[in-house]
Each structure stands twice: as C-alpha cells, then as structure tokens.
Amino acid sequence: MSTIIKLTNVKKFYKHSRALNGVTLSMDEGGEYLIRGASGSGKSTLLYLLGGLDRPTDGEVVVNQKNLVDLSDEELALYRNRYVGFVFQFHFLLPSMNCLDNILLPARLAGMDAKETAEVKARALDLAKTLMVTHCLEKFPFELSGGEQQRINIIRALSLRPKLLLCDEPTGNLDSENSQKVIQLLRMLSREFKSTLVVVTHDPMIAESFSSQFLMKDGMLVPAQH
Amino acid sequence: MKTPRFKLFLTLFLDNPTTVKFAIGVLVGMAFSISVILSTMGIMDGFDRALKLGLKKSAGDVSMNSRNGFFVLNDDLKRKFDVEKIKTYSALVQTESFLIFDDESRGILVKGIDESYGEVVGLPLKLKSGTVAIGSEIAKLNQIHIGDDIVLAFGKGNTEIKSMPALERFKVAGIINHGVYQKDSRIVYVPLAEIQRILELGNKVNMISFNIPKKQNAREEIKNIEDALHLLRQNFGADYYFKPYWREFSSILEAVKVEKVMISLILQIVVIISIFNILAFIIFINEKKSKELFLFKALGLSKKAMSDLWLELVMLFWVLSCILSVVFFQIFKLAFSKLSFFELPAEIYYMPRIELYLTLKDYLLVFAGALVWILLITYYLLRRLKQKSLLEGLRQEFA
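Residue numbers (our numbering), protein chains in the order written: chain S, 1 to 226; chain W, 1 to 399.
For the record, the hints were derived by calculation from the structure and aren't laboratory data.
Watch out, some of these pointers could steer you wrong.
DSS-like cross-link-like pairs, simulated, lysine-lysine; straight-line CA separation at most 25 Å [said to hold, decoys possible]:
no. : chain 1 : residue 1 : chain 2 : residue 2
1   : S       : Lys-11    : W       : Lys-386
2   : S       : Lys-139   : W       : Lys-289
3   : S       : Lys-139   : W       : Lys-291
4   : W       : Lys-288   : S       : Lys-139
5   : W       : Lys-214   : W       : Lys-243
Only chain S is shown next, with the shape it has when bound in the complex:
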C-alpha cells in the first residue's frame, strides 16, 4: 500500500494554547487508523488539519502528494468536497431538509449537474439499503433516532466516494450497541469504497477493533499500546 497521508513536524498554536506540538506521521492508502487521546489532547485538531478544515501553524500536511498548506482557499474547499468525507459526533443534519436532501448536500454545494447528482443519489440509495435506512430518506432528521441520524450522516460522508473518511467521535452520541454497529459499518464501507479511514475517539471499546492506532498526548503523537 502506498502512503496517502504524510505529516511532518506539524504544529498548531492557538492564541492561548498549543494544540499540536510537532506531529509527524504517515498513513497508507486504504488503511484503517484510530487516533485516541484524552479530551483536549489535540486529536480533533489533527483530524481537522487532515480534512483541510484548518491550516497548521507550522509543518507539512501532505495528502496524496499535495501539501495542503500550499493550497488556496478555493482548492482546499474543493479538496474537502471531493476528497474528504466527514462524520462528526453530532449528526449535523440540516433540520429544514429531509434526509435525502441532506445526503445530496455535498453534491449540490459542488454545483454538480443533474446527471452527476443522479449518480450520487443512486449511490445514496444503495448505501441506505445497506445501512437499512431507506425508510428514513423522506423523513426529516428530527423524526429519526440517534443511530439512524448517524447512518444518514455516514451516507452523506460517502456520497461523493471520498478517498479519506475522517470521523470525529462518530459514536460519541450513541449507546454501546449502536457504537459497535456504526464502527463496523464505517470499516465495511471504507473497504468497499477503498477509502482511508481515520477515526478519532476516546472510547476504549472502539479502540480494541483497530490494529493501527495512535495516541495523542499533550499535542504529541505516540505509538499506542493495544
């Protein structure tokens, strides 16, 4: 497997804190990675840097041989849209749209034409069947359970076949049974879509199922013990 992500001495400082103190790591294409650490350890910051949601104070964030630091705002937006799928802890579905429209949001924001949008819709319907939420597509988010909302969220994240699937505490809002199901689904789908899966969590139960793990501590990355 080739390296898809390479971080070199990445630092991220905020006004009153240092979130990352020089992180260096690499991840292979199609791999499944878990980053764990205590709250405030910098794991989410690392994920957002990988996803192009923020820029580092120093260092290089190279994804698929492109240094995100060098990308313009427009290029970074395109990268987020076409290359990255985000799954957040909170379902993050727009309450004014039904679930299908929520799923099609990335396609619409990208300004895709009718043909492309139809393809995305077909993919979304397939995924909905796989995740057993077909009955939810015409419903609004508030009509769904937490687990169903997260599945819709996952479908949206995968709707444009991203190369990177970045999940920030994807099970933080779910009970243990649903948590296991969601993680299994994420792993299954990332394999099916040949995406690199990066999950950030502080949940030790989830951590058990990942072979490649990193531990964040005070803004530094240390190899995790299983």
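Got chain S sorted already, so can you dock chain W onto it with the hints?
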C-alpha cells in the same frame, strides 16, 4: 447567481419564523428608507415640473416683446418666424386691469388673445366676443362662476370722462387652471379684438408668445429653448427681447434643484442606518445558524463562495427593497394627491398640491446610491467574517 447553491443557502433561514420576520423587517426598513429619498426627490421634481408646466401654460415656450412698446405683427416679423421654423405663435395684448364683481375688485393681468393663443399654450381658449376666461383662483376667491357677468376696469379708453377708467362688462365663459397660483389668481383672458378696441390700439399688440420646434430628445427641452433664444436674439435684432417661460421663476427653480441635491445627500443617512439592519441580520444569521454555515464550509464551500452567497443575499435584499420602495412611493404619491393633510398654502408654494414626479434617472440614481452604500458596508463585514476560523466556529458550536 448560482441558483441551486443560493437556494440551499436561503433554506437555512427561511424555514425559521424568527429569521423570516427579521428578514421582512430588514426589507421593509430598507425599502422605506429608499422611498423617503424617492418621495423627497419626487416632491422636488413634481414641484419643478408643475411649475414649469404652469408657466408654459401661461406663456408658451417664449414671450417676445418690443422695446418700443406696441407693434404690429407684420409680414417682416412673420418671415423671420418662418426663417426660424417657428410655426406656432400668437400675437397678444397684455395689460394690467381691475376685475370688479359684486362690489369687490381685484388687480389682474389681462391677456387679449385670439384663437391661435390656445394652440401655443395648450389651453381651451376659444373666446367669443363679450366673453372672458378667468383663472381658477380668481373664480374661487371672488366666488365667480361660468355665466356670471364681471366688469373690467382699464386705465385708458373712457372717451366720455377722460380721468375715469374705461369699464367693460364681460360674461365669464371659462375658468382656466394653469396649475400655478400666481397665474390662476391674476390672469383674465379677453378676446384680442375687444382689448384692441377698448385701448384703441388698432391692430397693434405688445407681445408674441410662441413655441420652439421640439427636438427628438424631449429631456433636452430647456437647452433646446436656450439655443433657439440665442439665434432669435441675433435674427430679430435689438428691437425685441425674449423671455423663456421659466425666467419669471428661475431663482426658485434653481433653488429647488440645489435643494434636491442637498436633501438627497443628507437623506443618505437614512439609507445607511437601514443598511445596518442588513448587517445586523447577517451577524444574527451567522450566530444563529453557525452550525449550518460551518457545515456548508466543511462540505466544500470556500470562504469566497460563502461571501458570494452573502453578497447575493444582500443584492436580493437590495432588489426587493427597490421594488417595495416603488410601491411605498406610489402610496406616498397617492396620499399627496388625495389627503387634505398634504394640501399646501398655494399663495406660498405656488400650487395647492404637488404631484410627486420622478424620472427614470431619479430612480436609478437613488437605487444606485443605496447599492453603493450596501456594497461598501457589507464588504467590510464580510471581510471580517472571512477572517473567522472555520474550526473556531465548529468548536464554539460543539463546545
């Protein structure tokens, strides 16, 4: 405008009653502010237009007088008018007199006219012998009606008692409204032949009123007349002098023009204040819908694209405000023409009512002015919003 993306953007806040109410409030406030400027300009333009129209109705485009007093409209003068391609002209006698009715008298301006005068000024002035047409304010002030007999007293012409004025009785055949109080309260039209007889003038007159041939571009009317006056003065020589219809009120018309510009500039403050409502709306939405806005960004909307969406929204506000302001303006206009509250003391303001009037240029100037302010102020805000970190917003939202 990328409609699908903008539609998505609109759905963010149009499904929420609070934000919808806020948006309507912003829209109405902005439209009202614009309409205040439109109405003010409309009053100024309406006054200017009505005054000019009234003055034209009372004298035609230009009045010509001889420096020697009375003169005859002879073939030489007619030829000169032909040379200047002036087809519509009318010779008349204009003199001062007193109108007496029911033991009340009033100083008036008598215009001795023939049928051609009506064509020059565009008024229904076809007088039979022994009849007169009086200004509408004279009729109102002296309670004179059509069919009443009035007496005109002339300072010259009493052949029996030389020191006494000549008194002539006429029947009122028409009441004329020029639209300018000073004209309506002074002018009485008498058949030219009668006045020439009373004043023993023969076929002499002391004034010729005429219209300058119109050019295609009607907006250039004043310049057209000024240019024509220049040529007329050259061709008719020093014996005659010419007055354009606005000369009598030129200072007030000039003052109105200056006032219009000044008031419009001052009223920009009203527009600026209402633009702050738009800014408040943008800030409110940014706070209230920060989760959704940052989701848009996370899913691939660039900062520039987000700014463009805000700009599109602001432009939408501007367009809708402009449309609504025209509606408000029409309501003001109707109120000005119908409600007694808006009646003016005509002896001071020259006319009892002002009909609001705006040209397309006025609309475009006001709308463009509002747009410039909107773009300037929102540009500043959007720059500040752009500087806000995406992650900071997400963190705040999930904190």
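Which numbered hints fail: none
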